[in-house]
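**Student:** Line by line, the protein sequences are chains A and B. 1 is the number of the first residue of the first sequence in the working numbering; add one for each residue after it. 1001 is the number of the first residue of the second sequence in the working numbering; add one for each residue after it.
Some hints could be false.
[Stated by the list, open to error] Below are the BS3-like pairs computed for lysine-lysine, each with C-alpha atoms no more than 25 Å apart in a straight line:
#1 B:Lys1150 with A:Lys72
#2 B:Lys1230 with B:Lys1267
#3 B:Lys1194 with A:Lys48
#4 A:Lys107 with B:Lys1148
#5 A:Lys171 with A:Lys137
#6 A:Lys28 with A:Lys92
#7 B:Lys1267 with A:Lys48
#8 B:Lys1194 with B:Lys1230
#9 A:Lys119 with A:Lys48
#10 B:Lys1160 with A:Lys72
#11 B:Lys1160 with A:Lys189
#12 A:Lys58 with A:Lys47
#13 A:Lys178 with A:Lys31
#14 A:Lys137 with A:Lys111
#15 B:Lys1150 with A:Lys40
#16 B:Lys1148 with A:Lys65
#17 A:Lys111 with A:Lys144
#18 B:Lys1226 with B:Lys1294
#19 B:Lys1148 with A:Lys47
#20 A:Lys65 with B:Lys1194
#21 A:Lys31 with A:Lys165
#22 B:Lys1150 with A:Lys65
#23 A:Lys72 with B:Lys1270
#24 B:Lys1194 with A:Lys72
#25 A:Lys137 with A:Lys110
#26 A:Lys119 with A:Lys28
#27 A:Lys168 with A:Lys144
#28 B:Lys1148 with A:Lys48
#29 A:Lys110 with A:Lys144
#30 A:Lys58 with B:Lys1160
#31 B:Lys1150 with A:Lys108
#32 B:Lys1148 with A:Lys108
#33 A:Lys72 with B:Lys1241
#34 B:Lys1160 with A:Lys47
#35 B:Lys1194 with A:Lys47
#36 A:Lys31 with A:Lys107
#37 B:Lys1241 with A:Lys107
#38 A:Lys178 with A:Lys119
Hints in this document: simulated from the structure, not taken from any laboratory.
Single-letter residue listing:
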Amino acid sequence: MQIEIGGKDTRPIVFRLLNEGEMEFLKKWFKRTFNCDLVKNILEGSKKQLLVGEGERKEIFLVPKNVFSVFKQISSVRMPFFLGLFLGELTKGDFKLSLEGAYVVAKKCKKKWIIVSDKGEILFLYGRDIMRGSIIKWDPSIRKGDRVVIMNRGGEALGVGRVVKGLKKAKNTDIVVKNLIDRGWYLRKGG
Amino acid sequence: MRMNRNYLSEKANELAKKYGYLPYIIERYLLLFGERETLSLLEANERGLNPVIRCNTLRADPSDLYNSLSARGVRLRVSKWVDYAFEVLNAPFSLASTPEYLLGHFYIHRGPATLLPPIVLMPEPGDVVIDMAAAPGGKTSHLAQIMKNKGVIIAIDIDKRRMKSLRSNLSRLGIENVIAIRMDARRVYELGLKANKILLDAPCSGEGLIPIDKSRKKSRTLEDIKYCSKLQEELLRSAIKCLEEGGEIVYSTCSIAPEENEFVIDKMLKEFPLKVVRIDLDGDPGFTEAFGMKLDKSLRHARRLYPHKHLTEGFFICKLRLEERIRVR
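Only chain A is shown next, with the shape it has when bound in the complex (with noise of 0.2 Å):
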């Protein structure tokens, strides 16, 4: 039996471990992305593993230990949907952070991050890219380029974005960083 994940796949998806090489992309993207060992954190630390969902896409996902022991009980009859979290989708020499994703380098990691009003908040779920003025805090060491988590002032991950001007000398109506993903999406998406 086809199992589809996703909108357009077509190909079953295979759940599997890492292997080597994947396991080091992903640490090395974290670390040059948000200065920050969250895999080997997620890894050491905390009784997770990660898994790929492998068919037209490589979806990574965060999965506690007991549902992996789960997953590998069943895995030879069934594969599954999806399971655990959602971190992110490997793609071609890059990693595109999903929303949860986002929510958990949040809380894990300490850099490249921005913090908008609570009506920068509304506006950045509504699709739009970040005014200057809607930023109330920011990592001062963001650089224009960076890819930043978008947080509202309770520290909740709203979604990613990418960095397109200096934050110190922009004026207040300057767009300051594009929209990439917001958690609008699970409305205007997510069915």
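Go by the hints and put chain B onto chain A.
**Tutor:** Frame of chain A, contents of chain B only:
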């Protein structure tokens, strides 16, 4: 309750015309509940039902959620069923467009009764739970919340589109202890798993949803009820085969038809070493007799909920315990 056949038919036709139902539905109500209660039920169905939001306590505090939505102009009332759910009295906009929803602080239930099966099952954080008809994820996410995102939930559903909704909802709510499997739940025992808790909120005719969806007054026939009843039996039989000795199943439907509820359970009680477990919940007792059929007396421990009595959608819920190990064939 005896009623003259001609009178029954005339009364059913009269009420069916007045309230816009297929006559067979009213005739069955008259037989089950009598004339006065049927009228109360029909009137309550007309009044409709407010949706309910359940605070996702994995991500938010119920009082914070109450305050933030109230500040946006949403009128809420604490649910009588659980203190982390709120009846929505009035919302000036779609609740699904609020930051709180998008951040996974709550799930929207169409009515209060759907809160109940996970509460009655009450899994522990370390349990292995099977949710036999999981999508779009209201009950699965509620189970995960009760389990504090620990243990394991095997969430089964057959419909691909609904599986995508399940994934989206569980993701939004930050649920990570679920393995979602797209398959026919009638074959779930093929996975070779034994669970100590199983939830079967079975696909049903949806007769109890009339307060929410008026089209159901005319869209389901007696044949649909028979079809659902057969499917429900097969699903429950399959679920029982996955249960550990001493394990528990909560069976529920949003139908008030005995054929989809007590009749199904009665059959399983004859086939398997099961016991009906008393449920500590407001509601009417399950039927021990309906349409001339005598049923197992312990079915009185099941619960029936009605719009006119309990201010919920029409609902049935029963908890069963497997008393002895069974051999799976």
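**Student:** None of the hints should be skipped; say for each whether it holds.
**Tutor:** How the hints compare with the structure:
1. B:Lys1150 with A:Lys72: holds (18 Å)
2. B:Lys1230 with B:Lys1267: Holds. Lys1230 (chain B) to Lys1267 (chain B) sits at ~11 Å (cutoff 25 Å).
3. B:Lys1194 with A:Lys48: holds (23 Å)
4. A:Lys107 with B:Lys1148: holds (18 Å)
5. A:Lys171 with A:Lys137: Distance of about 15 Å is within 25 Å: holds.
6. A:Lys28 with A:Lys92: holds (15 Å)
7. B:Lys1267 with A:Lys48: The given pair, whose Cα atoms are some 43 Å apart, is violated under the 25 Å limit.
8. B:Lys1194 with B:Lys1230: holds (24 Å)
9. A:Lys119 with A:Lys48: Violated, at roughly 36 Å.
10. B:Lys1160 with A:Lys72: Within the cut-off at roughly 23 Å; holds.
11. B:Lys1160 with A:Lys189: holds (15 Å)
12. A:Lys58 with A:Lys47: With Cα atoms ~23 Å apart, Lys58 (chain A) and Lys47 (chain A) stay inside 25 Å; holds.
13. A:Lys178 with A:Lys31: holds (22 Å)
14. A:Lys137 with A:Lys111: Within the cut-off at roughly 12 Å; holds.
15. B:Lys1150 with A:Lys40: holds (22 Å)
16. B:Lys1148 with A:Lys65: Roughly 15 Å separates the two Cα atoms, so the pair holds.
17. A:Lys111 with A:Lys144: holds (14 Å)
18. B:Lys1226 with B:Lys1294: Holds, because 18 Å separates the two Cα atoms, which is no more than 25 Å.
19. B:Lys1148 with A:Lys47: holds (15 Å)
20. A:Lys65 with B:Lys1194: Holds, at roughly 18 Å.
21. A:Lys31 with A:Lys165: holds (23 Å)
22. B:Lys1150 with A:Lys65: holds (10 Å)
23. A:Lys72 with B:Lys1270: Cα-Cα ~35 Å, so violated.
24. B:Lys1194 with A:Lys72: holds (14 Å)
25. A:Lys137 with A:Lys110: Distance ~13 Å between Lys137 (chain A) and Lys110 (chain A) Cα, so the pair holds.
26. A:Lys119 with A:Lys28: violated (35 Å)
27. A:Lys168 with A:Lys144: holds (11 Å)
28. B:Lys1148 with A:Lys48: It holds: about 16 Å lies between the C-alpha atoms, which stays within 25 Å.
29. A:Lys110 with A:Lys144: holds (18 Å)
30. A:Lys58 with B:Lys1160: It holds: about 19 Å lies between the C-alpha atoms, which stays within 25 Å.
31. B:Lys1150 with A:Lys108: holds (19 Å)
32. B:Lys1148 with A:Lys108: holds (19 Å)
33. A:Lys72 with B:Lys1241: holds (21 Å)
34. B:Lys1160 with A:Lys47: Distance ~31 Å between Lys1160 (chain B) and Lys47 (chain A) Cα, so the pair is violated.
35. B:Lys1194 with A:Lys47: holds (23 Å)
36. A:Lys31 with A:Lys107: holds (15 Å)
37. B:Lys1241 with A:Lys107: Violated, at about 41 Å.
38. A:Lys178 with A:Lys119: Roughly 16 Å between the alpha carbons, so the hint for Lys178 (chain A) and Lys119 (chain A) holds.
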